[in-house]
Each structure stands twice: as C-alpha cells, then as structure tokens.
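Heads up: the sequence lines are chains A and B, in that order.
Note that this note's numbering gives residue 386 to position 386 of the first sequence, counting from 1, and the numbers run on in steps of one.
Note that this note's numbering gives residue 682 to position 250 of the second sequence, counting from 1, and the numbers run on in steps of one.
Incorrect hints may appear among the rest.
What the hints assert, rightly or not - Capping the alpha-carbon separation at 27 Å, the derived lysine-lysine pairs in DSS-like fashion look like this:
id : chain 1 : residue 1 : chain 2 : residue 2
1  : A       : K403      : B       : K521
2  : B       : K711      : B       : K455
3  : B       : K835      : A       : K177
4  : A       : K89       : B       : K835
5  : B       : K467      : A       : K23
6  : A       : K35       : A       : K23
7  : A       : K279      : A       : K312
8  : B       : K487      : B       : K467
9  : B       : K744      : B       : K711
10 : B       : K677      : B       : K711
11 : A       : K35       : A       : K55
12 : A       : K403      : B       : K609
13 : B       : K521      : B       : K609
14 : A       : K290      : A       : K279
15 : B       : K711      : B       : K722
16 : A       : K312      : A       : K245
17 : A       : K35       : B       : K455
18 : B       : K537      : A       : K105
19 : B       : K744      : B       : K677
20 : A       : K35       : B       : K467
21 : B       : K455      : B       : K467
22 : A       : K279      : A       : K245
23 : B       : K677      : B       : K722
24 : A       : K177      : A       : K89
Hint data in this document are derived by calculation from the structure and do not stem from the laboratory.
Number of protein chains: 2
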Amino acid sequence: MALWLEQASADFESRFAAFLTTKREVSEDVNTVVKAIIEDVRARGDAALADYSRKFDGLDFTVTPMRVSEAEIEAATAAVSSTVIDALKLAAERIERHHARQLPKDDIYEDAIGVGLGSRWTAIDAVGLYVPGGTASYPSSVLMNAVPAKVAGVPRVVMVVPASGGAINPTVLAAAKIAGVNEIYRIGGAQAVAALAYGTGSIVPVAKIVGPGNAYVAAAKRQVFGTVGIDMIAGPSEVLVIADKDNDPDWLAADLLAQAEHDRGAQSILITDDPALAKAVESAVERQLKLLSRSETAEASWRDFGALIIVKDLQDAVPLANRIAAEHLELAVAEPDALMAGIRNAGAIFVGRHTPEVIGDYVGGSNHVLPTARSARFSSGLSVLDFVKRTSILRLGPEQLRKLAPAAIALAESEGLDAHARSVAIRVNLAG
Amino acid sequence: MALWLEQASADFESRFAAFLTTKREVSEDVNTVVKAIIEDVRARGDAALADYSRKFDGLDFTVTPMRVSEAEIEAATAAVSSTVIDALKLAAERIERHHARQLPKDDIYEDAIGVGLGSRWTAIDAVGLYVPGGTASYPSSVLMNAVPAKVAGVPRVVMVVPASGGAINPTVLAAAKIAGVNEIYRIGGAQAVAALAYGTGSIVPVAKIVGPGNAYVAAAKRQVFGTVGIDMIAGPSEVLVIADKDNDPDWLAADLLAQAEHDRGAQSILITDDPALAKAVESAVERQLKLLSRSETAEASWRDFGALIIVKDLQDAVPLANRIAAEHLELAVAEPDALMAGIRNAGAIFVGRHTPEVIGDYVGGSNHVLPTARSARFSSGLSVLDFVKRTSILRLGPEQLRKLAPAAIALAESEGLDAHARSVAIRVNLAG
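So here's chain A without its partners, still in its complex pose (with noise of 0.2 Å):
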C-alpha cells in the first residue's frame, strides 16, 4: 500500500524528490473569518467570548463559567484513576529534570579593554496554552507545554480549552494541576487566542501563546503574531525508521502505525538494506492496522504517505534523512552512533532497537512538541528557550568610549546617519 522506492532503481532521485515535497496537509483559508472573530474579541471582550461558545460550545457561561474553578479541578482529577495520575506525575518530574538542564546562564564579562558585555536571560511574564478539545486533547501534550514554561520561571501559565457542553477531558485538568498551571477558561478557536493576546474583561492578556490547535487556532496564531510571541505551527506528525535487518518486523510496524494513527496526514517511512525485513514489516502492519480502534486514520495515512525505501547501505541512509528532516527518527540498528554522527537535521532521535518513539511522547523527560514537515533543517523542538528572553547589556566608560568612537563615527558616517555620529562624538569632544 505504501510508497516502495529503491536506491538501486534509475528514477530514484525524481521519485525520493517528488516524495519530499509531497503536501499532507489541506491548508483552509480561514483567514477572513478568523480576522471578524479576533476584530470581534478586541471590541466585545467577553460578551464576545460567551457569544461564540453559546454558539460552538453550547455552552452558556451564566451556568456554567468561563473560568473552571478550583473545585472542578480538583474533582476531575479525583475521577482519573491512580495509575493514570501515577504515570502523569512520573512524566511531569521527568520533564522537569530534563528541561532544567536547559536553563540559559546569564553571562556578564568585560573584554580586554573594558568593555562590560553580557546576555541576562528573563522568564516571560505570563504564557498562554492553547489545548485542543475532543480526541485531540492530550494530557502529555499539557506537560510538554506547560512544565518548561514553569522551569523557565514563567509566574502565569494561562490554558485555554473549548468545553463542547461544558466538560473537559477530566485527564487534562489533572495534568494542568500538576504542570501548575495558574488560571484555566473552558473557551477555544481563534476566539480564544484573540481573548490571550488582547485581553478581556476577565482575561489579562499574555505576552506569548503555544500550543496545538486546528485550522483556526493556527490562522488566529499567525494573526496575533506580533502582539503576542508564538510557537510554531506545528504540521501532521512524521517518523522515519532507520532499520538493519536484525529487528522484528512486529516492533517496527507498531512504530510505524504509533505516527500513523495520529493523523491522516501523518507520515511513516521505514529506511533499510535488506528488502525481506522491508516486506515483513508491510505485512505486519496491514495485520496490526486491523487491531486498531484509530485503524481508519492509520490506513489512510500509510496508504497516502508511508513509504518504504531500500538503501544499498545503511549509511546511504544518513543523506536522505537529512533530506527528509523528520520530526522522530528511529536508528533501529546495530551500531547506532555510527549514524547518529551524521544526522544533522531531525527534531529528535530515538538510540537502538529498545527505544520506541512513543517514550519520548510521554515519559523520557525530553519535549515532544517537535519540528515537523521538514522544519528541523532550521528549528527546534520546545524548550525552556521558548519561555525565556535575552537582553543584552554594554557598559562602556569614558575610556572606552574614546577608543571605539572613531570606528563608530565612521561607519555611522559612512551609512549618512549624522545624529548617530553625534551622539557619539558630542561624548568624546568631537562634535561639530
């Protein structure tokens, strides 16, 4: 059902080629309407807000308010079983060790003539967490927004979650409590981003929104790019397994079908030397897809997207999942690290046979929300990063100041901008 390329074939560079700039995404001009429903929210404010979710939601916020309150939190994650809390706090405490290791250092200096130089790093003030409603309202994708927010030191994490007749995935609010999550509104779509980045009555404004959404939350995102900092617009998931013929065709074909079951646009390649392991592995997943309750979505992705292609050694594979930069990249193999060196583009990379991708989407400590549809040639997966900034700092004294002036006036001079001079030589006696 899947693509089958070979290395070895003629046509395969068109073909691998013609593969890379397959689009899996239908993109939806939702622009105007989403402009309306942002112009509508920065006029109305929450008026505006209960309008849309009467309308969407169902949901009338005289009853049922806006804000999810301290006991419904506390009764939904009362109603999670402790083996799902148990797990949700085992993931929570290994993304937060992870992700505190990636804490810039201030670094202030001066050089050798003086000069103080120095980045200072500042959580963002308060955060925004858009979470998606439905079947697509992960817990773990809760933690992996909001715990590097908070080990960055951000002191507002606010989450925003359309409530279709009011309720809220009761796993959500338990994996919000114990992110830490500050203040939660049952309200979603662009309204909500709207309500993030302009404010309401009821909603301070934040200074930056994350977080998954649909169509609409990623037009509004885009919109609001500006007044508010964003993350990326995160496409449909992909995995590329890089596999020797030493694996069980069975382990590989759940990975394959873990990607495939996300999405229909999602995308599954598998990359190996050995055609027989490349058969099996198509066989086991036409028998595993059958076991599965998402098996509508897997089929269609694996029949649209999955690929399998035939390397004639496994290092031919190094240059091609640069090519591909997937979002997950499994090294199936051996003798892992000897590819590994050579990877420069993926969002993140899973080390031998014993490490499935579905670890790092849950439990391994490192981020899950990565760059996907080939993004990771130039950007990174979530990290603490993403919730601090960076000012710089120069102190320069009068002495300074008279050894940098002449090259500063000359190239200031050179670009004709005369006050720019000035400000510089009016300091050091050289003003006109």
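Chain A is already provided as a structure; the job is to place chain B on it using the hints.
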C-alpha cells in the same frame, strides 16, 4: 512638539496606556501581489528573476550578471576608504568575539535509571541574508546578520541585495567580504525571498532567511515561513532613555535623534524625574534637528511619536520601562545597577552616561538586530542561537524500557492511542 506626560497628573495611566498602543506603521496589504510573485518565481525560476529585475531595477542580467563576481567584490572593497574598512574589521572582530560566547554546548548525559538523554546542536546548512537597497542598505547590518551565522558554523551564507541600475553600495560588498558571505546575488523584493526559499536554476535554496526589508519583503518572508525559517519581522526602531538630573541635555538629545533619524515611525522616549532636564532636552532636540541631513525624517518621528515622561521617583521608571519593552534602553543615571535589576523587558540595555546606544549599532560587539514594537516582552535580539537547531536524543536499553513502559502504556491508553501503547508493550512482552 513631542508628547509630555507627568506621572503626577490624574489622567497619567490612561494617557500612558494609549501611548503604549499607538501604531507607528502603516501596514500595506501587499499579500496578493507578493503571492503572485512567489508563485511566478517557483514556476519560472531564473526567467522570472530576470523579468522582475528588468522591470524594478532596470537591470539586464545578460549584461550585468545576477551573481556578483569575486572581481566586483574586490574592486568595491578597494574603493572603500581604509578608515571605513578598518572600522568594519574592528566591528566584525568584536561581533565575532562576543557571539562566540553564545555557541550552545551539547548536553549528553545518563539519568539515575540509565536513560540516555541529550541535546545536540548543529548549524543550519544554508542561510539567506536580505539586504535592502538604497539608503537603507547598511553595511553594519550585513555584519550583524552574517557574522553570527558564520560563528554558528553555517557553511553557506547567501546574500541578496537589489541593485538599481546594477550598482551595489561598495561598503555593503566590503562588509559581506569581511563577514565571509559565500554568494551574492543582485536581486531584491519578494522575488529574491522566493528564490532563496524555493531555489531557481542558478540559486540553490536556503533553509532560513534573515534580514530587514520593506513591506513586500516582510510579506514574502511571512508567506514562505514554514518552507524555510525566518527571523523576526522588524518594525520601526525605538529608544527609551531613563535619565537623572545630572545629564548633559545635548548628549541625551543626540541619542533621541539618533533613533528618530532612522524612520518616520521610529520612537524616542525620555523618562526623567527632573522636569527642568526634560525641558532642556526638548530645546536641545530642536536645536540639533536643524543640523541633520535627515532632519525631515527625524522631525516627523519626534513630533508624532516622541515623548517626555516625568516620574516622581526614578524607580517609578522601571515598571513603565517594562511595559514599554523598548528595543534600546539607555540608563543615563548615576546608579544604573539599581534600576537595571528591575528591568525585565528590553532588547538591549546601555548602561551609564558613556554608553550611547549608537556604540551598540556598530562596534560594541553585541547585536543590533533587536526586538521592536514591544516584542522584547517575548523575544530576543539576533544571536548565534538563530543559526543553529537542537536535536534531542533519547536512548533506552531493555532495562530502562521495562521501567518506563507501564507509565507510557497507561498514558497512551488514556489518550486512546492503541498503536502507541502497542509499540511499547510489544517490546516488553505486554502486547495483546
């Protein structure tokens, strides 16, 4: 001429809040035009570039080749005065030394249960640098963008610069040579951005595009974002000067005008506890305005967006500064550290009376590409981090997988993701 605000007046808060949200830019809607240009360059490649350059820059690539030759770069460099060349070299060296300290370190480690975790940083393969034409063609900006890319280890830095009639500012070419730019093309506008993002017959595509530009360039960068990475979209520049009474009004006036001369939308703000100083600065601005070759621009900026704010106590300037979140913040006070401790939102801080912001524009060593229009609340100036990306690494053996499997399976099941659960369970003999 500029706005005068006193903290002591009853309507201060409402007037300050209004001042904060003043729009300083006319946002031209050029999206439709830009979309057509990008599609044309994707479809027709070099032929489209040739047509646009003929139309907009009066250039014939069969006479003046699109790519700037080594000989032309050499000749341009030879034509620049040795004073300016030396100043560029000093600036480049200082920028390089400062930015080398920003190179992130890989962090590969094993946790308490033997799980291997890590962050590995690699340089982006290829970066495009947009340089505007005409009067906004600043050699210093070439250094500020290209040097950090080279420090990061980017092997291929490609510069594009529109050249009306074929001519490129020789100092820009000299700066590119000093910074180690690898390829230079005589193209500009949305078509240059499209060529960098998608490639043409003669230009190999890049993975990220940085650098300032007009409304067409900014719109094109937004549209290609996702296919390639982009830097921030720069808005008009601003400076906030916090000053005590013991300042020379002429120094401060020069600093305010150095910002104002950039752009009619630039903003210069003085906050002081001394109304007499504010009055003196205002007079000095009027006097110095007459001396500037760009007096018309500076006067418009100062009249429309300049402000003098009188606070009761200098410490009251700190919360105001955090709300303004200025691109540039000068602390022209006797005890700058006391104020600096409270500053959270600022692109760069210039400490003490002998650190005019202009030093940071050219030769301080820190970057002059900084967050504008209040975006210092959530973003940072350009740094080496903008030219690298992080791959996260996870490595489990059978023992670690057994330990983490139950929690991962519990979370996968709670999210209704069967194949996720199976991908872990099958490896620890727990699969159904």
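Hints, verified against the model:
1. A:K403 - B:K521: holds, 15 Å
2. B:K711 - B:K455: OK: K711 of chain B and K455 of chain B at ~26 Å, within 27 Å.
3. B:K835 - A:K177: Holds. K835 of chain B to K177 of chain A sits at ~25 Å (cutoff 27 Å).
4. A:K89 - B:K835: holds, 15 Å
5. B:K467 - A:K23: holds, 18 Å
6. A:K35 - A:K23: holds, 26 Å
7. A:K279 - A:K312: holds, 16 Å
8. B:K487 - B:K467: Holds, at roughly 18 Å.
9. B:K744 - B:K711: holds, 16 Å
10. B:K677 - B:K711: holds, 11 Å
11. A:K35 - A:K55: It holds: about 18 Å lies between the C-alpha atoms, which stays within 27 Å.
12. A:K403 - B:K609: OK: K403 of chain A and K609 of chain B at ~25 Å, within 27 Å.
13. B:K521 - B:K609: Distance of about 10 Å is within 27 Å: holds.
14. A:K290 - A:K279: With a Cα-Cα distance of about 18 Å, the restraint between K290 of chain A and K279 of chain A holds, given a limit of 27 Å.
15. B:K711 - B:K722: holds, 18 Å
16. A:K312 - A:K245: holds, 12 Å
17. A:K35 - B:K455: holds, 18 Å
18. B:K537 - A:K105: holds, 12 Å
19. B:K744 - B:K677: holds, 12 Å
20. A:K35 - B:K467: holds, 19 Å
21. B:K455 - B:K467: Roughly 26 Å separates the two Cα atoms, so the pair holds.
22. A:K279 - A:K245: It holds: about 11 Å lies between the C-alpha atoms, which stays within 27 Å.
23. B:K677 - B:K722: holds, 25 Å
24. A:K177 - A:K89: Satisfied, since the Cα-Cα distance of roughly 10 Å is no more than 27 Å.
Comparing the model with each earlier hint shows no violations; every hint is respected.
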